[in-house]
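Those protein sequences? They're chains A and B, same order as listed.
The first sequence begins at 481 in this note's numbering and counts up by one.
The second sequence begins at 481 in this note's numbering and counts up by one.
Possibly wrong hints are sitting among the right ones.
Remember, identical chains collapse to one label, so a pair may be satisfied in a single copy or spanning two.
[Said to hold, decoys possible] For lysine-lysine, the following DSS-like pairs were computed, each having C-alpha atoms within a straight-line distance of at most 25 Å:
hint: 1; residue 1: K482; residue 2: K675
hint: 2; residue 1: K692; residue 2: K523
hint: 3; residue 1: K564; residue 2: K618
hint: 4; residue 1: K482; residue 2: K523
hint: 5; residue 1: K643; residue 2: K692
hint: 6; residue 1: K564; residue 2: K675
hint: 7; residue 1: K675; residue 2: K618
hint: 8; residue 1: K643; residue 2: K605
hint: 9; residue 1: K605; residue 2: K564
hint: 10; residue 1: K692; residue 2: K545
Derived from the structure by calculation, the hints contain no laboratory data.
Computed from a prediction, not measured in an experiment: that's the story for all the values here.
Number of protein chains: 2
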Amino acid sequence: MKVFLVGANGQIGRKLVELLGSSSEHSVRAMIRNPEQANELEKLGAETVVANLEGSVSELAEAVKGSDAIIFSAGSGGSTGSDKTLLVDLDGAAKMVEAAEQAGVDRFVMVSALQAHNRENWNEKLRPYYVAKHYADKILESSSLNYTIVRPGGLLNEPGTGKVEASENLGRASIPREDVAQTVLAALTEEHTFKRSFDLISGDQTIQEALKNV
Amino acid sequence: MKVFLVGANGQIGRKLVELLGSSSEHSVRAMIRNPEQANELEKLGAETVVANLEGSVSELAEAVKGSDAIIFSAGSGGSTGSDKTLLVDLDGAAKMVEAAEQAGVDRFVMVSALQAHNRENWNEKLRPYYVAKHYADKILESSSLNYTIVRPGGLLNEPGTGKVEASENLGRASIPREDVAQTVLAALTEEHTFKRSFDLISGDQTIQEALKNV
C-alpha cells in the first residue's frame with residue numbers, strides 16, 4: 481500500500497515512518513509543513529509532500545491523491561494551546577477526511593485517545609483536547625471512508641513488547657508508542673478493524689490476535 | 481410553546497427573555513449556571529432552571545424535560561480563551577442536542593455565525609471560534625431534531641429595524657442583536673425554517689417575508 485502519513489514528525493509518526501520505510505509491503509509518503517523537514521524523513525525511507533493541515537481541503541486532496549491509505553497521527557501537542565487544538569486536532573483532521581473523500585483514498589486510520597468516545601471518562605486536565613478528538617473521530621465515523629480508529633492509553637517511550645489489549649472499552653492504562661505504531665501498521669490491512677474503533681493498552685495478546693477480536 | 485433558553489445572560493439571550501417573557505404565545509425557561517442570576521431573569525418574565533453546559537447530558541436532559549423547543553444562544557465569549565470555546569460552544573452545544581433527543585424535545589433553534597458552514601469565509605482572527613460553531617452546527621444538522629440554524633453577521637447593539645435579509649449564503653455584513661432575537665423568535669414556529677440553516681444580515685424584507693424564502 482502507498483501510505484500517506486500525517487504527523488510524521490510526531491513521536492508515533494516517526495516510528496511509523498521507520499516501520500513503513502523498511503517494509504516490503506508498503507511505501508510511505510510523509511506530509512511535512514516545512515521543506516527543511518524532508519531530508520531527515522527521506523533518510524528513513526519516506527517520500528515527502530509539503531502541505532499544511534491549516535490549509536484548504538483542495539490543497540490536502542491534491543497532496544493525498546494516488547495514495548491507498550491515510551494514517552493520521554498528527555497532534556498540535558500540549559504546548560500550543562487550545563487555538564491549535566481546534567485548528568489542527570479537530571478541523572485539520574476533518575479536512576483530511578474530506579480530502580480523502582475528494583481524492584478517492586478510501587482507507588483511513590486515525591490515532592485517537594483512550595475513551596475519546598465517552599465523555600464520562602475524559603481526563604479532567606485534558607478535556608479540551610478530548611473534545612477535539614471526540615468530534616474528529618465522530619466525523620470520520622460518519623464519513624464514507626473505510627476507517628479504523630485506534631484509541632491508545634497513556635503513551636510511553638519504553639521499547640514495545642508486541643503484546644497489547646484492544647477492545648471497545650478499556651480502563652485507563654498505558655502503552656509504549658512503539659506498540660501503538662506496530663498496531664496501526666497491522667490494522668492497515670486487517671479486515672477485522674475495518675469500520676471499527678477501539679481502545680488500545682498494553683496486554684498479553686499479540687497484536688495480530690488482539691486485532692482479530694476487536 | 482414552552483421555550484427552553486440556553487444563554488439567557490448573553491446579549492441576544494437577554495433580548496429573547498424579554499420577547500418571550502412578554503409574549504402571549506410562548507413561555508420561557510431560562511437555564512442559568514448560578515442561582516444568583518435567577519432574580520433578574522424572573523423579573524423579565526422567565527422561569528429559571530439551574531444547570532451547566534459543562535455538566536452531563538443526563539443533567540441537561542433533566543433540565544429540558546417538558547419543554548417544547550430549545551433556543552441555543554450561549555457562547556463562551558471572546559475573553560475566556562479556546563479551552564472554553566471547545567467545552568461550551570462545541571461540546572456544550574452537542575450535549576444540548578443529545579439532551580434534547582433524550583428528553584424528546586424536538587424543536588431546536590441554534591444561533592450560529594455568518595458563513596460558519598464555509599471555511600473559506602471565516603474571519604481569520606476568529607478561526608478557532610468558527611471551528612467550534614461549524615462542528616456544533618453539523619452535529620445539530622445530523623441529529624434527529626427539527627432544527628433551524630440562524631447564522632447572523634456582525635452583531636450590533638443598535639435598535640432593531642425589523643428589516644432583514646436571510647439566505648443560505650450572504651456576504652459579510654452586520655445586523656442589530658434585536659433583529660436577530662426577533663428572527664429567532666419568528667423562526668420558532670415558521671415551518672419554512674424547519675430543517676434549514678441560513679445566514680442573516682440587515683436587509684429590506686420584513687422578518688416574516690425573509691423567513692418564508694429561506
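Here is how each hint holds up against the structure:
Within a single copy, K482 and K675 get their C-alpha atoms as close as 20 Å, which meets the 25 Å cut-off; across copies the closest is 41 Å, which misses it. In this assembly of identical chains, the alpha carbons of K692 and K523 never lie at most 25 Å apart, being 34 Å within a copy and 62 Å across copies at closest. For a Cα distance limit of 25 Å, the shortest separation of K564 from K618 qualifies both inside one copy, at 19 Å, and across copies, at 20 Å. Taking CA atoms no more than 25 Å apart as the test, K482 paired with K523 passes inside one copy only; the shortest distance there is 18 Å, against 65 Å between copies.
Taking CA atoms no more than 25 Å apart as the test, K643 paired with K692 passes inside one copy only; the shortest distance there is 14 Å, against 61 Å between copies. In this assembly of identical chains, the alpha carbons of K564 and K675 never lie at most 25 Å apart, being 28 Å within a copy and 32 Å across copies at closest. Taking the shortest alpha-carbon separations for K675 and K618, both the intra-copy value of 12 Å and the inter-copy value of 21 Å come in at or below 25 Å. In the homo-oligomer, the alpha carbons of K643 and K605 never lie at most 25 Å apart, since the shortest distance is 29 Å inside one protomer and 46 Å across protomers.
Taking the shortest Cα distances, K605 and K564 sit within 25 Å of each other both inside one copy (17 Å) and across copies (13 Å). With identical chains, the CA atoms of K692 and K545 are never at most 25 Å apart, being 30 Å at best within one copy and 43 Å at best between copies.
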